[in-house]
Amino acid sequence: MLVFAISDKGGTGRSVTGTNIVYRHALQGNDVCYLDFDFGSPTAGAIFSVSAVARGAPENGLHEYLRGDCTQPRRVDVWAESDREALRTRPPGAGRLVLLPGTESGGELSAFTDEVVNRCAQLFGRLEEEFDLCMVDVSAGRSFTAELVLAATARLPAIPFRWLVFHRWTRQHIIAADGLVTGADGLLDVGARLGHDREDLHDRIRFVRTAVLEPDAAELVGLRDEQRAWLSACDGELRELARRHGVGRTAMLGKVPLDPVLQWREQLITDEDVLASKIANAETAAAFDELAKKIVDDSAWEGL
Amino acid sequence: MLAMGEVHTGLLQNSGEISESTCRQVLGLMAGETVRVSRRPIPHALSPERLTGVDCALPSASRSRIRGVGTVVSRCAVTGGRVAQGSSYVRVVRSEADRRLPWSHYLSRPGVVEVLGKAKAADLAEGFVGDPAPGCLDMGAISGRFLDLVQASPLLDRRAPFRIPRTSLRWVAETGEPSIRFTLHTEQERTLRLTHPGPFTPAVVDLCEDLATHDWLLTSLLIIVERARIGATPGAQAVARLAPAIDHLLHLWMPAARVEEWLRPFWESLERQPGFTRQWRSLVDRVRDQIATSTLALLSAATEAGRR
Ligand SMILES: Nc1ncnc2c1ncn2[C@@H]1O[C@H](COP(=O)(O)OP(=O)(O)OP(=O)(O)O)[C@@H](O)[C@H]1O
Ligand SMILES: [Mg+2]
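Note that the protein sequences, when read in sequence, are chains A and B.
Quick note on the numbering used here: the first sequence kicks off at 1 and runs consecutively.
Quick note on the numbering used here: the second sequence kicks off at 1 and runs consecutively.
A couple of the hints might just be wrong.
Stated by the list, open to error - Residues of chain B clear of chain A, computed beta-carbon distances all greater than 10 angstroms:
1) 13
2) 100
3) 156
4) 178
5) 191
6) 232
7) 285
8) 295
Unchecked claim - Label-pair ranges, simulated between beta-carbon atoms:
9) A/276 <-> B/300: 38 to 44 angstroms
10) A/195 <-> B/134: 55 to 61 angstroms
11) B/247 <-> A/10: 43 to 49 angstroms
12) A/248 <-> B/282: 53 to 59 angstroms
13) A/300 <-> B/161: 20 to 26 angstroms
14) A/195 <-> B/94: 47 to 53 angstroms
15) B/282 <-> A/185: 54 to 60 angstroms
16) A/219 <-> B/222: 46 to 52 angstroms
17) B/251 <-> A/265: 48 to 54 angstroms
18) B/99 <-> A/189: 51 to 57 angstroms
19) A/300 <-> B/19: 35 to 41 angstroms
20) A/189 <-> B/302: 55 to 61 angstroms
21) B/157 <-> A/186: 28 to 34 angstroms
What the hints assert, rightly or not - Partial list, computed: chain B residues near chain A (C-beta under 10 angstroms):
22) 148
23) 151
24) 163
25) 274
Hint data in this document are derived by calculation from the structure and do not stem from the laboratory.
For every residue, glycine included, the Cβ atom is placed at its ideal position computed from N, Cα and C.
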């Protein structure tokens, strides 16, 4: 299964949420890999705490592979190469956790040729033979990268794929997330132009809300009644807005609560962060765990 | 001077094994030429051979610049309708000329790469099985693409019963006092150094492909058994994880089935050390025992329930 992670706006939590989902999926016993296709700022290495590729790979990164400068992109075994103690041993029962970093200062993809699409399709085909889940961070907004992966998947009709659109729980983000999918030159437009069936593609897209502050969250206990009432009303309005934009409950795969640790640092939330040092919230880890299950649960992906 | 090649092996991307006629279609990469099929003791289908022209640096342990010009032979194979391979090789010879000749010269010698200038066989051999230097002849890239070609066939449903990595076997064969050395590198990379009596023939390639098939089978079964976590998970769960191995792999073990008589001693020597079949049998026994015990547990639970 290929999963493409996208968001309309930058800084929505796409990378942090995507990497945490992949990490949880590995803990659930699956072999997983994470492909950093955010060529402009390949930072996945930092989230996995692999300092050698914190800002992308110095050589043989994905950018070079797609350009044809190397025949195999570099692979990083996170269980072996992470600098974080808690990640450096593979927990019993966990699957492989592999990162394919971008290229350090590789730069945004500014155009692509048929050959690049072929290399991309070849890479996806090979990884799909060996991993249960391959998550691709496609970067933010309408980009050549998004177009590239749509073109590549159109050439791989038998390989299952899904899209996750990440957005924050605000007016602007809800409208933008819908626009990225259904708007002019959005995913559906571009996908249809490149040979995908519009309806079918639409069924393969779900939304994920990031850094959500629920009106009844523990963080809000100290608030005055007036403030809580106001938040509740806002939340209600947003839900109505989301429904109208096709970003409502039915099209949502899940949501991740606002977490103090993630607010301060881009990282994986381990069970140790929750249970031992108690710096992260159990709800956050549970949300990632749930998303990691739903991503392969067909009942969550039935036609809308 | 020497022959060298690289074999990539993987699980055919289909839900079940494919029939002989499907094999013929999947491997019929070139119209007009036929797929060679043998049925006993295990179905094996081999595609027509294709040539790739090369003019590039050859790998060298001393990192000398050695230029080779010629053609690489590649082919694909499917064993038991289930295991797919892409395989490439060349015979490296000294050029009689000291400059590059017209392509017609090289095309009339398929699978031969001629070295322009000085080169030592040992330097080339060590360079090839050692860390590949960028920019050198990369037969792995060619074999990988041939395997991709098979896996991308529209006749396959791409619903393989389990996910499993490909393995690669890089080999070098020379003429001399018989010896064989098989080495595991990373989880997916292996090398083979072979010295055989008499001149090189394509039967050596068959041997390397046969070894690659069995090394892949063994590697894959090890991975599946590890994933099953026998003893650490409930019996039924372990059995469910072992099931694909029983359905798709266990019957494929057929060492030296396609190896010519004069090369059999090499297989036999690998059977003594490191002992491929020994390890395979012990794994198979483990899988069967696990299934037997958990079937027994199920049966006695059912009888117990019946009595109540
Ligand atoms: N659930 C959360 N709670 C609190 N903060 C979060 C949460 N998820 C992400 N963040 C924070 O939001 C910021 C942006 O996240 P991230 O880098 O993952 O976004 P992005 O969409 O990948 O951004 P870019 O488009 O720049 O790549 C980070 O500082 C991250 O730690
Ligand atoms: Mg990011």
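Could you check that no beta carbon of chain A comes within 10 angstroms of the beta carbon of residue 13 of chain B? Non-interface label fails for residue 13 of chain B: nearest chain A Cβ at 6 angstroms, not farther than 10 angstroms.
Interface hint status, residue 274 of chain B versus chain A (Cβ within 10 angstroms): 24 angstroms, violated
With 10 angstroms as the threshold, tell me whether residue 178 of chain B passes as away from chain A on beta-carbon distances. 34 angstroms, holds
May I ask you to check that residue 100 of chain B keeps its beta-carbon over 10 angstroms from the closest beta-carbon of chain A? Answer for residue 100 of chain B: holds, closest chain A Cβ roughly 24 angstroms.
Can the suggested window of 48 to 54 angstroms be confirmed for the beta-carbon pair residue 251 of chain B and residue 265 of chain A? Because 52 angstroms falls inside the window, the suggested range holds.
53 to 59 angstroms as the expected CB spacing between residue 282 of chain B and residue 248 of chain A, which holds or is violated: 56 angstroms, holds
May I ask you to test the hint 46 to 52 angstroms on the CB atoms belonging to residue 219 of chain A and residue 222 of chain B? 48 angstroms, holds
Assessment of proposed distance window 55 to 61 angstroms (beta carbons of residue 195 of chain A, residue 134 of chain B): 35 angstroms, violated
Looking only at beta-carbon atoms, does the pair residue 276 of chain A, residue 300 of chain B fall within the given range of 38 to 44 angstroms? 42 angstroms, holds
Range agreement (Cβ of residue 186 of chain A with Cβ of residue 157 of chain B, hint 28 to 34 angstroms): 31 angstroms, holds
Verdict for residue 189 of chain A, residue 302 of chain B (Cβ pair) under range 55 to 61 angstroms: 58 angstroms, holds
Using Cβ atoms and 10 angstroms as the threshold, tell me whether residue 191 of chain B really stays out of contact range of chain A. 17 angstroms, holds
Hint check: violations occur at hints 1, 3, 6, 10, 25; the rest are consistent with the structure.
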